[in-house]
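Numbering (the UniProt record's numbering), first residue to last: 1 to 42.
One or more hints might be untrue.
Claimed, not checked - Distance ranges between label pairs, derived from CB positions:
hint: 1; residue 1: 3; residue 2: 28; range: 52 to 60 angstroms
hint: 2; residue 1: 6; residue 2: 38; range: 46 to 54 angstroms
hint: 3; residue 1: 15; residue 2: 37; range: 29 to 37 angstroms
hint: 4; residue 1: 38; residue 2: 3; range: 48 to 56 angstroms
If you are wondering where the hints come from, they were derived from the structure by calculation, not from laboratory data. Quick reminder that beta carbons are idealized off the backbone N, C-alpha and C, glycines included.
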Amino acid sequence: MTRINEFYLHVFIVLNTFRKLITLYCCVKSFYFPLIKSSPMI
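Whole structure, please, built from the sequences with the hints as guidance.
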């Protein structure tokens, strides 16, 4: 029983970290894409 709870806790932590990374990526993407498009170098 404890092993299953430990496993679910681990999965939850991994998913939470993944969700934060995705949110961060979306924020960075929405912030940087207009800059990249308006910049003549890239």
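Going down the list of hints, with the structure as the test:
1. 3 <-> 28: 52 to 60 angstroms: Cβ of residue 3 to Cβ of residue 28: about 38 angstroms, so the range 52 to 60 angstroms is violated.
2. 6 <-> 38: 46 to 54 angstroms: Given about 49 angstroms between the Cβ atoms, the range holds.
3. 15 <-> 37: 29 to 37 angstroms: 32 angstroms, holds
4. 38 <-> 3: 48 to 56 angstroms: 53 angstroms, holds
The earlier numbered hint that this structure contradicts is number 1, and it is the only one.
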